[in-house]
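Peer 1: The lines below spell out each chain.
2 protein chains.
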Amino acid sequence: MTDRFTPTARTTLKRLPKRAEYDRAAIYNILDEGFVCHVGFAVDGRPFVIPTGYARVEDSLYIHGSAASRMLKAIEGGIEVAVTVTLVDGLVLARSAFHHSMNYRSVMVFGRADVVEDPEEKMEALRALTEHIVPGRWAEVRWPDENEMKATLVLRLVINEVSAKVRTGGPIDDEADYALDVWAGEIPLRTFAADPVADQRMEPGIEPPPYVWNYTRTAERSKRP
Amino acid sequence: MTDRFTPTARTTLKRLPKRAEYDRAAIYNILDEGFVCHVGFAVDGRPFVIPTGYARVEDSLYIHGSAASRMLKAIEGGIEVAVTVTLVDGLVLARSAFHHSMNYRSVMVFGRADVVEDPEEKMEALRALTEHIVPGRWAEVRWPDENEMKATLVLRLVINEVSAKVRTGGPIDDEADYALDVWAGEIPLRTFAADPVADQRMEPGIEPPPYVWNYTRTAERSKRP
Numbered sequence: 295m296t297d298r299f300t301p302t303a304r305t306t307l308k309r310l311p312k313r314a315e316y317d318r319a320a321i322y323n324i325l326d327e328g329f330v331c332h333v334g335f336a337v338d339g340r341p342f343v344i345p346t347g348y349a350r351v352e353d354s355l356y357i358h359g360s361a362a363s364r365m366l367k368a369i370e371g372g373i374e375v376a377v378t379v380t381l382v383d384g385l386v387l388a389r390s391a392f393h394h395s396m397n398y399r400s401v402m403v404f405g406r407a408d409v410v411e412d413p414e415e416k417m418e419a420l421r422a423l424t425e426h427i428v429p430g431r432w433a434e435v436r437w438p439d440e441n442e443m444k445a446t447l448v449l450r451l452v453i454n455e456v457s458a459k460v461r462t463g464g465p466i467d468d469e470a471d472y473a474l475d476v477w478a479g480e481i482p483l484r485t486f487a488a489d490p491v492a493d494q495r496m497e498p499g500i501e502p503p504p505y506v507w508n509y510t511r512t513a514e515r516s517k518r519p
Numbered sequence: 295m296t297d298r299f300t301p302t303a304r305t306t307l308k309r310l311p312k313r314a315e316y317d318r319a320a321i322y323n324i325l326d327e328g329f330v331c332h333v334g335f336a337v338d339g340r341p342f343v344i345p346t347g348y349a350r351v352e353d354s355l356y357i358h359g360s361a362a363s364r365m366l367k368a369i370e371g372g373i374e375v376a377v378t379v380t381l382v383d384g385l386v387l388a389r390s391a392f393h394h395s396m397n398y399r400s401v402m403v404f405g406r407a408d409v410v411e412d413p414e415e416k417m418e419a420l421r422a423l424t425e426h427i428v429p430g431r432w433a434e435v436r437w438p439d440e441n442e443m444k445a446t447l448v449l450r451l452v453i454n455e456v457s458a459k460v461r462t463g464g465p466i467d468d469e470a471d472y473a474l475d476v477w478a479g480e481i482p483l484r485t486f487a488a489d490p491v492a493d494q495r496m497e498p499g500i501e502p503p504p505y506v507w508n509y510t511r512t513a514e515r516s517k518r519p
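Chains A and B, in that order, give the protein sequences. Going by the working numbering, the letters in the first sequence line up with residues 295 to 519, in that order. Going by the working numbering, the letters in the second sequence line up with residues 295 to 519, in that order.
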């Protein structure tokens with residue numbers, strides 16, 4: 295396994311190539327911090343983009359069923375997809391309107407998504423999806439039974455043709471604009487988990503477990519302010 | 295103008311139709327709270343999904359240039375797109391793995407995106423993009439000059455074929471599972487703006503304006519905890 299993905303025609307950034315990232319660890323860090331992807335596919339040449347949960351297991355991306363249902367109604371077997379994960383880190387305010395930007399980390403994976411048929415791989419994918427979104431959850435819940443397994447659709451996309459695009463730092467203004475009397479900088483944006491809300495039908499005495507109370511996407515970024 | 299959009303083959307939800315929303319005000323509220331969309335399009339039948347900023351002006355969605363550049367290299371004139379905006383409101387933890395879900399609000403707009411050529415409309419779109427992402431900013435910054443206008447690409451998508459999908463509330467478990475000794479409920483997720491970070495080359499004495507200090511996407515949801 296190489297540490298760097300090979301750029302292809304689709305993953306070579308035409309615009310601002312310095313923001314491109316092909317390093318495997320960097321790409322996997324972004325995929326592991328996010329948990330919602332946007333799945334794009336074409337039916338009769340017309341595009342669709344559907345948000346859904348995902349999880350990475352080694353070099354595979356598993357995509358949860360709801361996104362798949364429309365695709366699979368239209369097309370039997372595998373389908374060409376573009377899967378994009380975007381984390382927005384901040385708004386970049388420059389002195390000119392033109393140089394306004396955002397700080398973000400995004401990954402786009404291209405490839406053929408296939409239905410996971412093997413029951414063992416499918417169960418493992420469902421475990422990964424649950425654990426990726428709420429680490430610690432799988433051990434506590436009732437696992438899928440045979441009917442639920444049949445009713446769930448999981449797609450596998452091998453991570454091979456992929457690139458990330460990353461912007462960090464402050465604004466870059468035109469030299470003349472630095473003299474303007476305008477505040478410039480970054481408004482950092484963060485996601486945090488508010489206090490958990492118990493289900494109304496909760497049995498008395500069941501308290502939220504630590505992985506719910508302390509829920510965070512990353513130790514550093516999602517800390518409560 | 296009607297208050298409700300008419301469902302089409304593409305915007306009729308096949309799965310969980312009770313989550314569908316065609317009300318104009320509800321759809322526009324989602325579009326106005328978000329500020330990053332995922333633009334899907336197909337080139338030679340192969341899908342791409344690119345994140346970018348957007349703004350709504352009445353019944354048009356304006357999409358910022360970076361997303362457009364690859365499309366427009368491939369295809370002259372208008373292009374069929376699917377534009378999706380997704381707001382994730384929380385993680386829904388059920389007693390069974392199968393019934394785990396997310397609370398979210400998403401909008402998918404289908405249509406032909408056209409390049410905005412008219413300079414007045416283009417300037418108005420750039421104003422809307424700036425003001426949508428940071429309200430109050432346009433009045434303070436240097437506006438685009440002629441060269442910057444030429445270097446900026448803006449696409450217009452008329453909002454006509456559109457639907458929203460919304461999930462709210464707690465988990466819905468199988469009746470037998472309510473007896474399980476498992477915490478269930480929602481982990482609400484919120485986005486907030488951390489303290490602004492001034493550009494290193496800021497002139498002394500320029501303080502962040504109120505619209506930067508008090509930045510929030512919505513009065514209710516993005517408040518600091």
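Derived from the structure by calculation, the hints contain no laboratory data. Because the structure is a prediction, the values reported are computed rather than measured. Glycine included, C-beta positions come from ideal geometry on N, C-alpha and C. Possibly wrong hints are sitting among the right ones.
Beyond 10 angstroms from chain A on every Cβ pair, some chain B residues (computed) [what the hints assert, rightly or not]:
1) 297
2) 301
3) 315
4) 318
5) 341
6) 389
7) 398
8) 413
9) 452
10) 502
Dumping the calculated BS3-like pairs for lysine-lysine here, alpha-carbon to alpha-carbon at most 30 angstroms [to be verified]:
11) 444/B with 416/B
12) 444/B with 416/A
13) 444/B with 312/A
14) 312/A with 312/B
15) 416/B with 444/A
16) 416/A with 444/A
Peer 1: Hint by hint, note whether the structure agrees.
Peer 2: Verification of the supplied hints:
no. : hint             : verdict
1   : 297              : 25 angstroms, holds
2   : 301              : 14 angstroms, holds
3   : 315              : 15 angstroms, holds
4   : 318              : 21 angstroms, holds
5   : 341              : 4 angstroms, violated
6   : 389              : 6 angstroms, violated
7   : 398              : 7 angstroms, violated
8   : 413              : 15 angstroms, holds
9   : 452              : 16 angstroms, holds
10  : 502              : 5 angstroms, violated
11  : 444/B with 416/B : 10 angstroms, holds
12  : 444/B with 416/A : 51 angstroms, violated
13  : 444/B with 312/A : 22 angstroms, holds
14  : 312/A with 312/B : 45 angstroms, violated
15  : 416/B with 444/A : 51 angstroms, violated
16  : 416/A with 444/A : 10 angstroms, holds
The structure fails to meet hints 5, 6, 7, 10, 12, 14, 15 from the earlier list, while all remaining hints are met.
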